[in-house]
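Keeping the supplied structure of chain X fixed, place chain R upon it in accordance with the hints.
Protein chains in written order, with the UniProt record's numbering: chain X, 1 to 441; chain R, 1 to 305.
These aren't lab readings, by the way, just hints derived from the structure by calculation. For glycine and all other residues, C-beta sits at the position ideal for the given N, C-alpha and C. Check the hints yourself; a few may be wrong.
Stated by the list, open to error - 20 Å max Cα-Cα, derived EDC-like pairs, lysine to aspartate or glutamate:
id: 1; chain 1: X; residue 1: 82; chain 2: R; residue 2: 238
id: 2; chain 1: X; residue 1: 420; chain 2: R; residue 2: 156
id: 3; chain 1: X; residue 1: 84; chain 2: R; residue 2: 54
id: 4; chain 1: X; residue 1: 370; chain 2: X; residue 2: 390
id: 5; chain 1: X; residue 1: 84; chain 2: R; residue 2: 238
id: 6; chain 1: X; residue 1: 86; chain 2: R; residue 2: 54
id: 7; chain 1: X; residue 1: 82; chain 2: R; residue 2: 156
id: 8; chain 1: X; residue 1: 420; chain 2: R; residue 2: 73
id: 9; chain 1: X; residue 1: 420; chain 2: R; residue 2: 160
Claimed, not checked - Here are some chain X residues the structure puts well away from chain R; computed CB gaps all over 12 Å:
id: 10; residue: 85
id: 11; residue: 117
id: 12; residue: 159
id: 13; residue: 169
id: 14; residue: 181
id: 15; residue: 189
id: 16; residue: 201
id: 17; residue: 234
id: 18; residue: 344
id: 19; residue: 374
id: 20; residue: 379
id: 21; residue: 382
id: 22; residue: 428
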Amino acid sequence: MDHNRASRRSFLALATATPLVATVLASCGDSGPGGAGSGAATDWILSGQPKEGIRQTAVDDWNEAHEDQQIQTSAFQNDAYKAKIKTAIGAGQAPTIIFGWGGGTLRSYVEADQVDDLTSWLQENAAVKDRLFDAAFAAGTVDDKIYALPTETVQPIVLFYNKKLFDQVGAQPPTTWDELMALVPTFNAAGIAPISLAGQSRWTNMMWLELLFDRIGGPELFESIYEGQPNWTDPAAIDALTKVQDLVRADGFITGFASVTADSNADQALLYTDRAAMMLQGTWTYGGMKTDGGDFVSAGNLGYMNFPEVAGGKGDPMNAFGNPAQYVSVSSQASQEQKDIALAYFADGLLQEKEAEAYITEGGEVPIVKGIDAKFAGLDDEEWLTFVYDLATNAPSFAQSWDQALSPTQAETLLDNIEKLFGLAITPQEFATAMNAATAS
Amino acid sequence: MSTAPTYASGKVTSSKRTSTGRLGWLVLPALAIFVAFAVLPLFGVFALSFSSWDGIGAISFAGFDSWRAVLTDPGLPHALWVTFLVIVLSWIAQTPLSILLGVFISGSQRYRAVLAVLFFLPLLLSAAAVSIAYKALLDPNFGLGPGLNLGILTQDWLGDGTLAMGVVIFIIAWQWIPFHSLIYQGAIRQIPGSMYEAAQIDGAGRVRQFFSITLPQLKNTMITSSTLMVVGSLTTFDLIFVLTAGGPNDATRVLALDMYLTGFRANLMGPASAIAVILVVVGLVLAQLLQRLGGRERNSQLEGA
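In isolation and in its complexed conformation, chain X is listed as follows (with noise of 0.2 Å):
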């Protein structure tokens, strides 16, 4: 017909235009956030209160000190940053300063390129590595050169637990694996949940497999499976694989776990609600208990305790898991203008006193700064503070949680396959075979 005459005309009219349309849309680009057009250095933070202000003060009063130097911020959500910060380090739009946990991540990074090497930087600046945490520097590591400041606070996993419930049926909190499964049946009966669990967020699931590896086969089982070894069907793996799964025949997960949401703190409820006696977690949910739970932490009813050991396991009762802390880089794309903002705000504006005496006092959170313990006397959480301190800083390993230790993909495919492993529908077997596959690969 002539529609097609016609319609072919303007296609090569189109495939002229194109070009044109593509710089219009290209310089449009340039202006964004990683655009070396105004000269500041740009930093994306995480909002969500009170981090974001701690995080925004920092800046701002580098900004007001250094008028030639001056950072841009914007905030982004937690989740929607991870999503846009890969997009725009994929689309060389990375703000200078990138933030994240460092692991598997960072290593993505690096290997394509995107991030400075501070190795050399941090050898001339002595300074600021010896006021940090000895163990925070190993996930911002790749091949032995740090690309990655560690700064904010320390996040290890630990073992809450209500008081008030304990108390209720009589029971201690569990110093071994054997006494945690010998408190399922007593709370059940008691009508009370044993354990709550964000299943849906399947990352709380990892957390319960983390530490039974590391009790069970020590820190080294997990590392050799980091360094690529098909360790997964080690004999140690399969029996934390299967302690995993007895727990959830025994009923010591709260009913409908796999339903429940970490990221709405539905688990934290259950816990000062009075409906779970016991709950691991991450130390950042302490904030929100403290917030949202009453006088639930004021009372005292909180108890918080390190991972039980099991017995006749090689990992040291006192390791630790978690978040050893989170992370600044520098962007290889920035100027280096830019750059030299970003590098003199490490050195003399990141986690400063102010900084990390607000993460004390306002997020009942530890900084990794060393002798901060300093501070504690007299407030409010001293005790949850420095039970925190010590945990995080005599642990013989303080490894990375493992969704942030690997990469990406594996990642994907392990939380995929922790799912099932807690659903039933695989077998410790099947979920050993199917992780030494995708390690493979």
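Chain R alone, transformed into the frame defined by chain X:
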């Protein structure tokens, strides 16, 4: 909608020379937008499916690796099956109710107009907002069931595969039935009143009139509505993403969600692009099938039926 092709191949023919000669250029802006935002990205996705890319580093050619990975993954047949279930179940849940509601609100009484506005409310909410609200209502510990102390409502709604699928279908139906009712309402009002008068004279009751006049006359509308439902269900993403994130145990992991999780969670842009291409193909085939279904006797609609 469905009458457009008849029109094009009929009356337009006589004047086509002048219309394409001068007015053909009017198509250009639309065509340019279509090519820039639909055709080019489609080719881009097709090209990406033959590459290996983590979304950050360089894109490298990987031949058929992504396709092999996707086609041999047992996750694909499962995702296709779940997608098929969502399409079929949501069609079954929506179509009869939409037609009945459409018949109901096509009447002229004022209370029906008021009710029609109320029915329409769910459509005004975004799928994400609806999902978050339902998620809170269905929470086994803090939701509606425990709140009202109703045992029946206190289920592990989103933690059990079958129940989660049911919830997804229910929410899709809850949100989209008003829209399809509106389409049917419009179509029913187009049916000439003379047909019903004739039927009444012949002594046909309301039920008989519905089955002998209304339903056959709605055939093309049903095709249109079903196409929208099928393509809509095929690309349902936001609702399931927020509600169950594909869980529990992949029970609600539809193809569109599979594509997102593969691409943006697992950083596998190649396989994700391959899944996207499969999604496009399935969508085109389904839409074509539906058009065929109603295409044959297009001219026998209305008075000639």
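Structure-based check of all given hints:
no., hint, result
1, X/82 - R/238, "18 Å, holds"
2, X/420 - R/156, "16 Å, holds"
3, X/84 - R/54, "14 Å, holds"
4, X/370 - X/390, "11 Å, holds"
5, X/84 - R/238, "17 Å, holds"
6, X/86 - R/54, "10 Å, holds"
7, X/82 - R/156, "30 Å, violated"
8, X/420 - R/73, "17 Å, holds"
9, X/420 - R/160, "12 Å, holds"
10, 85, "10 Å, violated"
11, 117, "17 Å, holds"
12, 159, "20 Å, holds"
13, 169, "20 Å, holds"
14, 181, "23 Å, holds"
15, 189, "19 Å, holds"
16, 201, "9 Å, violated"
17, 234, "25 Å, holds"
18, 344, "27 Å, holds"
19, 374, "41 Å, holds"
20, 379, "32 Å, holds"
21, 382, "32 Å, holds"
22, 428, "16 Å, holds"
Checked against the numbered hints listed earlier, the structure breaks hints 7, 10, 16; every other hint is satisfied.
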